[in-house]
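Asks: Each chain is listed here by its residues.
Protein chains: 2
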Amino acid sequence: MKKVAIGIDIGGTNTAIGVVDSEGNVLYERKPQMATPQKMENTHMTQALSDSIMSKYISSLTSEIKAAIEMVKQINPEIEVMGIGIGAPNANYYSGTIEHAANLPFVGVINFASMIERNFPEFKFVKLTNDANAAALGEMIYGGAKGMKNFAMMTIGTGLGSGLIVNGDLVYGADGFAGECGHVTVVPDGRVCGCGGRGHLEAYCSATGIKRTVYELLAKYNDSESPLAKIPLNDMTSRIVFDAAEKGDHVAKEVFQITGDILGRALADTVHYLSPEAIFLFGGAAAAGDYIFKPTKESMEHYLMPVFRNKVKILPSQLKESSAAILGASALIWKEMEKSRS
Amino acid sequence: MKKVAIGIDIGGTNTAIGVVDSEGNVLYERKPQMATPQKMENTHMTQALSDSIMSKYISSLTSEIKAAIEMVKQINPEIEVMGIGIGAPNANYYSGTIEHAANLPFVGVINFASMIERNFPEFKFVKLTNDANAAALGEMIYGGAKGMKNFAMMTIGTGLGSGLIVNGDLVYGADGFAGECGHVTVVPDGRVCGCGGRGHLEAYCSATGIKRTVYELLAKYNDSESPLAKIPLNDMTSRIVFDAAEKGDHVAKEVFQITGDILGRALADTVHYLSPEAIFLFGGAAAAGDYIFKPTKESMEHYLMPVFRNKVKILPSQLKESSAAILGASALIWKEMEKSRS
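Those sequence lines, one after another, are chains B and X. When we follow the numbering used here, the leftmost residue of the first sequence carries the number 1, and every step to the right adds one. When we follow the numbering used here, the leftmost residue of the second sequence carries the number 1, and every step to the right adds one.
Heads up, a few of these hints could be off.
A pair holds if it fits inside one copy or across any two, identical chains being indistinguishable in the list.
[What the hints assert, rightly or not] Simulated crosslink set (DSSO-like; lysine-lysine; CA at most 27 Å straight-line):
#1 Lys220 - Lys253
#2 Lys146 - Lys294
#3 Lys339 - Lys149
#4 Lys313 - Lys230
#5 Lys339 - Lys146
#6 Lys149 - Lys124
#7 Lys339 - Lys220
#8 Lys39 - Lys253
#9 Lys56 - Lys294
Simulated from the structure, these hints should not be mistaken for laboratory data.
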């Protein structure tokens, strides 16, 4: 029998579904991805409405999982499914719940894992965690963190998520929600963060943060020669800033320098807390390569206590971005199997 | 047989030695404490000189440990010593070494645990960690953190040390030195820290930090009525500030308010990283009671993401200050026994 795990990633727009073997080969992936139910504008979400949307979603997801298993079994009938790993926003590993997810149309605390479990009683594990934790597990099981017992994963997209591995296991904390490094304070009384706080790492070191730094610098220099001066806030992307930097634009270069300075200082604090072997960067902003890695590394080393200097690697994630979400979610299952053996 | 552990705490001035049972009863404690070898002014510490001082120190320590065991055996001949736990500055749990300790007269990396081990081959465990990590273990084994799997210990004395417990075990990190929360940046480009960095937590939230805040406020207000205005920097203590606050002095009260504001913001970040069940405060500054706990708690709640609010307790350590160092060091041994059973 060939052991496989189902990986599901619930994003704000789409839900990815795939089947992965223990080496990280994606044997099947639903293309296009399934739609995640959307919040309805101008509609008050009652519990009843939320329950009804959820019930339909669970039912579709169940059909899709069954279809995925069928597809894989057609190629190799010797498939044994070990479980379903799910990455979702505001997911609680301990309780298997999705709690007060602001970007999903579900009200309150949803017993998501148990609803899926009910439809697949034959599987040993149905497990849930947030996407950044899943990414950290993916890196440990299939990626660049193989064999590492202590590392951190920073997923830098619209926001900044993190998954922390200590003594070979994820840090979930007392309540299941640990690892919110995007919301540590890096600039007291600084920029307003999406969560309502001030001066959080995510408000500086994320696609959104990079965008904000662009306009801060355009305001500072009033530089009409910069290619960035032609682009309104709502159209700006990290990619555009990267392209401008490649063409030598000093505003774009300074944006990455500032982003790396702040990220490096925050990562120094990650080291002061956890002394990881490596810190992995994942996502769009990390794709800017040396523009982001170089100032981040320099800044981290500058802010580290001497005992930690020149020890901690800052590495790009080794997970392919296109299937990283599925890989991460499926890794939950291999990790559960490892735990159940020990 | 009654199982006991030896606890040794190597401080900058004195070395404490005690024998502790698994309930945290101190069966013997050397009084007065033994002297720790001192740095010699105007003397270049060569490796040979360092080795000679160390060799004498190990020899005295060995005699003292043997004497301690004898004393306890006289009272109860059925004593079985399980091991020797040692708390020391710059101690590495993994390697059992003391590395580049700035306040001790030892050069380079000292194989401290193995030198002690050589003299006590009959003991199963000789283990070393830094004092804040030892305090965290002491709290978990004997104190207010019994049964907790995720908590943090902040030891607030001249500096600020920390011990972090995740999934029921200490966070040592990849190199054995994790848990240096005193050196996270809380004020970018702020006060110079003892380690050479800038704006570190320890430069604000420690006995030294409290002292510095006193003089910052005296400079701000030029308040000759404050009882603190009579006292030079070199004579100022947290106790004097506490007494002034008790008498209603507004400078002293504001000092604690500022200290708590910054500590609370830093602890909010501890929660964002680790989501502990509780954070314990230990040491002189924590003795200021509500003057420090109240603003710290208020500030932490203010800076927490909504998902973490009203969940995390800030508690005073339940270890008696006078024997806490011995208790913490001895707790290393009960923790090792627990690990070796699992």
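Asks: Does each hint hold? Answer for all of them.
Replies: Hint check:
1. Lys220 - Lys253: Classified as within; 15 Å inside a copy, 40 Å across copies.
2. Lys146 - Lys294: within (24 Å within a copy, 44 Å between copies)
3. Lys339 - Lys149: Close inside one copy (14 Å) and across copies (17 Å); limit 27 Å.
4. Lys313 - Lys230: Close neither inside one copy (37 Å) nor across copies (51 Å); limit 27 Å.
5. Lys339 - Lys146: For Lys339 and Lys146, the Cα distance is within 27 Å both inside one copy (16 Å) and across copies (24 Å).
6. Lys149 - Lys124: The answer is both: 25 Å in one copy and 26 Å across copies each meet 27 Å.
7. Lys339 - Lys220: neither (53 Å within a copy, 57 Å between copies)
8. Lys39 - Lys253: Classified as neither: same-chain Cα gap 38 Å, cross-chain 49 Å, threshold 27 Å.
9. Lys56 - Lys294: Neither, since 47 Å and 48 Å both go past 27 Å.
Figure legend: structure checked against the earlier numbered hints; hints not met, in rising order: 4, 7, 8, 9.
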